[in-house]
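Visitor: The lines below spell out each chain.
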Amino acid sequence: MDALYRQALLDGERAGARYRLEPPRLAPQGASGARLGHRPGSSLEFMDHRDYQPGDDIRRIDWSGYARSDRLTVKLYREEVSPHLDLLVDGSRSMKLSGTSKAAAVLGLAGAMVAAAGNHNFTHALWWAGEAVRRIGGAGDRPATWQGLSFESTTPLDEAMARLGPTWRRQSVRVLISDLLWPGDAFSLMRRLAQDAASLVVIQVLARADITPPEQGNLRLVDSETGHEVELFVDATARRRFTETLDRHQQLWRSAAAGVGARLITLTAEDVVQKWDLQELVRQQVLQVK
Amino acid sequence: MPLLTLPLALFALVSLPALVAIYWLRNRLKRQEVSSLHLWMHQREAREGGQRVQKIQIPLLLLLELLALLLLVLAATDPRVLLGHEQRPLVVVLDDSYSMQAGARQQAADELRKTLAGESPLSVRLVLARQTPQTLSTTLTQMSQVDEALQNWTCHSPAADLGSAVALAFELAGPEGRVMVLTDHKPEGTLTTQEQEEHRLVWRALGQARPNVAIINAVRSSEAGQDRVLLEVANLSESPVQTQLTIQGSATPLSLNAGEVRRLWLQINDPAAVFNAQLADDALAIDNTVTLLPGIRQPVRLGLSIKHERLAMMLARAAQAQGASIVASSPDLIISDQESSQLSTPETWRVRWLVEEEPAAFIGPFLMDDHHPLTQGLDLQGVVWGAKQIETLPGRTVVAAGNTPLVSVQDRQGLRGPHYDITIRLNPDQSTIGATPAFPVLIWNLLGWRQSTLPGLDQVNVRLGSSTSFIPPRPTDTTVKPEPVQIIAPDGTSQSLAGEGHSMVITTQQAGVYQIVAQGRRFELTANALSPQESDLTKLTSETHGNWVTVSTLRRQYTSIAWMLLLGAMGVLGLHAFLSWRSAGGMR
Numbered sequence: 047m048d049a050l051y052r053q054a055l056l057d058g059e060r061a062g063a064r065y066r067l068e069p070p071r072l073a074p075q076g077a078s079g080a081r082l083g084h085r086p087g088s089s090l091e092f093m094d095h096r097d098y099q100p101g102d103d104i105r106r107i108d109w110s111g112y113a114r115s116d117r118l119t120v121k122l123y124r125e126e127v128s129p130h131l132d133l134l135v136d137g138s139r140s141m142k143l144s145g146t147s148k149a150a151a152v153l154g155l156a157g158a159m160v161a162a163a164g165n166h167n168f169t170h171a172l173w174w175a176g177e178a179v180r181r182i183g184g185a186g187d188r189p190a191t192w193q194g195l196s197f198e199s200t201t202p203l204d205e206a207m208a209r210l211g212p213t214w215r216r217q218s219v220r221v222l223i224s225d226l227l228w229p230g231d232a233f234s235l236m237r238r239l240a241q242d243a244a245s246l247v248v249i250q251v252l253a254r255a256d257i258t259p260p261e262q263g264n265l266r267l268v269d270s271e272t273g274h275e276v277e278l279f280v281d282a283t284a285r286r287r288f289t290e291t292l293d294r295h296q297q298l299w300r301s302a303a304a305g306v307g308a309r310l311i312t313l314t315a316e317d318v319v320q321k322w323d324l325q326e327l328v329r330q331q332v333l334q335v336k
Numbered sequence: 027m028p029l030l031t032l033p034l035a036l037f038a039l040v041s042l043p044a045l046v047a048i049y050w051l052r053n054r055l056k057r058q059e060v061s062s063l064h065l066w067m068h069q070r071e072a073r074e075g076g077q078r079v080q081k082i083q084i085p086l087l088l089l090l091e092l093l094a095l096l097l098l099v100l101a102a103t104d105p106r107v108l109l110g111h112e113q114r115p116l117v118v119v120l121d122d123s124y125s126m127q128a129g130a131r132q133q134a135a136d137e138l139r140k141t142l143a144g145e146s147p148l149s150v151r152l153v154l155a156r157q158t159p160q161t162l163s164t165t166l167t168q169m170s171q172v173d174e175a176l177q178n179w180t181c182h183s184p185a186a187d188l189g190s191a192v193a194l195a196f197e198l199a200g201p202e203g204r205v206m207v208l209t210d211h212k213p214e215g216t217l218t219t220q221e222q223e224e225h226r227l228v229w230r231a232l233g234q235a236r237p238n239v240a241i242i243n244a245v246r247s248s249e250a251g252q253d254r255v256l257l258e259v260a261n262l263s264e265s266p267v268q269t270q271l272t273i274q275g276s277a278t279p280l281s282l283n284a285g286e287v288r289r290l291w292l293q294i295n296d297p298a299a300v301f302n303a304q305l306a307d308d309a310l311a312i313d314n315t316v317t318l319l320p321g322i323r324q325p326v327r328l329g330l331s332i333k334h335e336r337l338a339m340m341l342a343r344a345a346q347a348q349g350a351s352i353v354a355s356s357p358d359l360i361i362s363d364q365e366s367s368q369l370s371t372p373e374t375w376r377v378r379w380l381v382e383e384e385p386a387a388f389i390g391p392f393l394m395d396d397h398h399p400l401t402q403g404l405d406l407q408g409v410v411w412g413a414k415q416i417e418t419l420p421g422r423t424v425v426a427a428g429n430t431p432l433v434s435v436q437d438r439q440g441l442r443g444p445h446y447d448i449t450i451r452l453n454p455d456q457s458t459i460g461a462t463p464a465f466p467v468l469i470w471n472l473l474g475w476r477q478s479t480l481p482g483l484d485q486v487n488v489r490l491g492s493s494t495s496f497i498p499p500r501p502t503d504t505t506v507k508p509e510p511v512q513i514i515a516p517d518g519t520s521q522s523l524a525g526e527g528h529s530m531v532i533t534t535q536q537a538g539v540y541q542i543v544a545q546g547r548r549f550e551l552t553a554n555a556l557s558p559q560e561s562d563l564t565k566l567t568s569e570t571h572g573n574w575v576t577v578s579t580l581r582r583q584y585t586s587i588a589w590m591l592l593l594g595a596m597g598v599l600g601l602h603a604f605l606s607w608r609s610a611g612g613m614r
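Residue numbers (my numbering), protein chains in the order written: chain E, 47 to 336; chain X, 27 to 614.
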C-alpha cells in the first residue's frame, strides 16, 4: 500500500482518538447486546415501573403490584445494547482524483471513524466498495494494519453493492464515505444502506476541484473512472451551469438521505487533511469529544 | 502570368502562419481529469459557452480567414495582368558580326524565339547590326515569318555598329516601343542610353569567352615581278597555343605565345597563282582561312606622239617608272604635242600638250582644283611654269597661274563611259618642273586616273565588308547595249546588275571568292575576314542589361486586378461573418 495511504490512516486514527462515536439515539426494539444501555430495554437488570400501555409485552406486567394497587404496571429493565460500526468506503477511482487530497482524506476519515468507534467500545467492520463490496481486515484490526486498500474501481458504488453487497450487522451504525459523484439512484442506495441499520451517516468527501469549476478555456475533461473524454469550451456560463448541476446533485443526495433518516455531511478533502479537524462531525453529532 | 507591382507586400504573408498560431494556441485543449463527467454532460447547447468544441467549424472559419488574408495581401501587391491588345512595338537588333558564329548566334535565335513566344499578339521587326544597320524584315506577326527572316541572319559582317542599329531600332519602334539587342558582348559605356534608363532597351549578351587563333591581316603585293604575301597570325587568348598553318597545301606547326601576333613574309613564285592559307580548326572558323588572288589589273597603254625631244624624254621616263606600257596603236591614253594624232581611237583619252613659243614664266601663285584626280599630291610651290599668258582654255580649268589656265579637262560627250580631253600648256624648256617631283606626280595622276576608268576591279583582295569598284568592259560595238553584270557570291547566290558600262561598287558581305561576269569576261574578287576585334573572343560574355518592366510601364501596359482580389476578400469575409452569425445562433 502506498506510504501516503498508510500515513493518512495514521493521521486519521490519531485524529479519531480524540473522539468517540456517538451511539444512535433510538435503540431498535427487540435488540439485545453485550452492554447495558441508558434506556429501558430487555436486559435482566430492573430499572423502573411505569403504567401499562396497550401494546406492552404482557409478560412484563407486574402482577404483584396489580394485586397490591389494582393498577396495571409493567417493569422496565435496562436495555442491553451491542454497538457496531459498519464502515463502507467508496473505492472507486474518483476517490483518488489526481491533484487532490481525496484519497488521503477518505482514508483518514475511515481511520478516524474506526478509532472513535473503538473509543466507545464499538466493534467495527470496514467494507471496501471496489468492483464488489468486500470486507477489509479483522474486527480488531487497527486502521494502520488494513491491507488491500486501493482506489482502482471503475464500478459505481450502487452497482458494486448490487454485485456483492456487504453483510451488515443488524442495528449497526453505518457510515458511508464517498464522493457520491455518480449519476445513480440515490434513493434506492440510501434505502439499502439504511435497511436494518441503527443509524446511517453519509460522509461525502469532495475535492476542491470537484466543487470549483475550472477557469475559462478549452478543456478536454476526462472521467477518472471511465476514461471518457469530452471537449468543452468553459466560460462563465459553463461554470455557472456546472455549479447549478452540482447543487442539484447535492440536493438529490440530501433528499435521499433525509428520506431514510440519514445524515449527509459534506467535507472538503483539502480542509480535512490540512488540520485533521473533525469538528464538523461533532457538530453533526456523529462524533463526541472524549 | 500576373506581375506584382509591389512585391514587398508579400512580406505580409507572415500574417497567415501568425493566424494559424493564434488559432492553435486558442483552440489548444487543456486536459483535466474530473471525478465524474456527468456533472458536465448536462451542459445545454448554449451559444455563449460550454458548447462542445466543434472542430469541423474552426478549420472552416480559419480557412476563410486565411483566404481573406491571402487575398488582401495579394491585393496589396497590386498585381497586374498584361493587356493583350496594348502590346508595345518590339524591334530586335541582331548582331550580324562574324564573332556571333562562335556559338552565340544559335543561342540568340533561341532567345529570340523564347521572347517572342511571350508576345501576344506577335509584332516584331528585325534589324541587322552590321557596319551600317540594315532592316531585316518588315513587321512580322507570325513565328514562321520570323524563322524565315532569321535565315538571312548569316553573321558575316566584319563589324557591328550596334549603336547605330539601336538608334535605327528606336526610330522604327517609336516613342513607346521596346528594343532588344541580341549580341555576344556587353554594351559599351556609351550605350547606357536614355532609352535604357527609360526601360525600353534590353541588352542580351549570349557570348562565351573562348581562345581563338586567327589570321588578322593578309596583304599581297607585287614588286619587280615578284609577289609577296604578308600574313599576321594572332593568338587571341591568354595562354600559349600550338596550331598548324597550311600554306599552299603545305602544313607547318605554329607556336604562339599568349596574345602574340606572328608576322610572316611569304614569297610566291608564280605571280599568277592564287595564295591560300589555312589555320587549324578552333572556336571561329571564318578567320582561319585566307585567299589572295594575283593582282591582274592591266597597265595603262600609253601612246606618245611628241615632237619636242626633251618633253618626249621626260614623258617616256615618267611612264616607264610607273609601269605604263607605251604602245603604238589603240592606246588608252595618248599624249601628243600635235594637233592631231593617228593613234587615237574613240576610247582613247587625249592629252594635248601645248609647247608654246616665247612663253611667260609663271612662278605662282598656282591655283589648283584640289578635288580633281590630276592634282592629288601635286605641289607646284617653287616651280617655274612656262606658258603663254592667255585667259581661256576649253574645258574646266584644273591648274591655273593667276587667271592664266595651265591645265584644263574637257569631257568628251556622246561616248559611253568617261572620256576626257586634257590640255596641258607647258614649255619644258622654259620651266623647272622637270627637275621637281611635280612632273612625275602629274604623270602618275594622269595615268592613275585613266587606269581607274579601265574595265575591271579596282582591288581583287579586300577585307570582308569592304567595297571595291568595278568597271564592266564595254562591248566593242558602241551601238550595242551592254549586258548585265552578274555577281556570284561565295555561297553561290548570284545577282545581276545593269551596269550600262558605268563604274559600280561591289560590297563584300561574305568571306570567300566572288565571281563577276560581264561581257563574257570573268573577274574574281576575294574577301577575307580580317578583323582582329571580331576574332578576339576573349571579351565575349553572357549577361543581361536593362529591362522593360517599370512601375510606370506596368501601370501603362498592365491592368490591375487588385480590385478583384479585394472584392473576393470582402466576399470571403462576408461568408465568414454569416457562418459566425449562424454558428452563434442566428436570429434568436
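Hints in this document: simulated from the structure, not taken from any laboratory. Don't take every hint at face value.
[Claimed, not checked] Pair by pair, the computed Cβ-Cβ distance ranges are:
hint, chain 1, residue 1, chain 2, residue 2, range
1, E, Arg209, X, Leu599, 37 to 45 Å
2, X, Leu599, E, Thr258, 37 to 45 Å
3, X, Trp607, E, Thr258, 46 to 54 Å
[Stated by the list, open to error] Here are some chain X residues the structure puts well away from chain E; computed CB gaps all over 10 Å:
hint, residue
4, Ala38
5, Glu59
6, His64
7, Gln127
8, Glu286
9, Ala306
10, Glu373
11, Gln456
[What the hints assert, rightly or not] Residues of chain X clear of chain E, computed beta-carbon distances all greater than 12 Å:
hint, residue
12, Val60
13, Ser62
14, Leu63
15, Met67
16, Glu174
17, Ala235
18, Ala387
19, Gln485
20, Ser586
21, Leu592
22, Gly597
23, Gly600
Note that beta-carbon positions come from the ideal geometry of N, C-alpha and C, so glycine has one too.
Visitor: Looking back at the numbered hints, which does the structure fail to meet, lowest number first?
Guide: Per hint list: 1, 3, 5, 6, 12, 13, 14, 15 violated.
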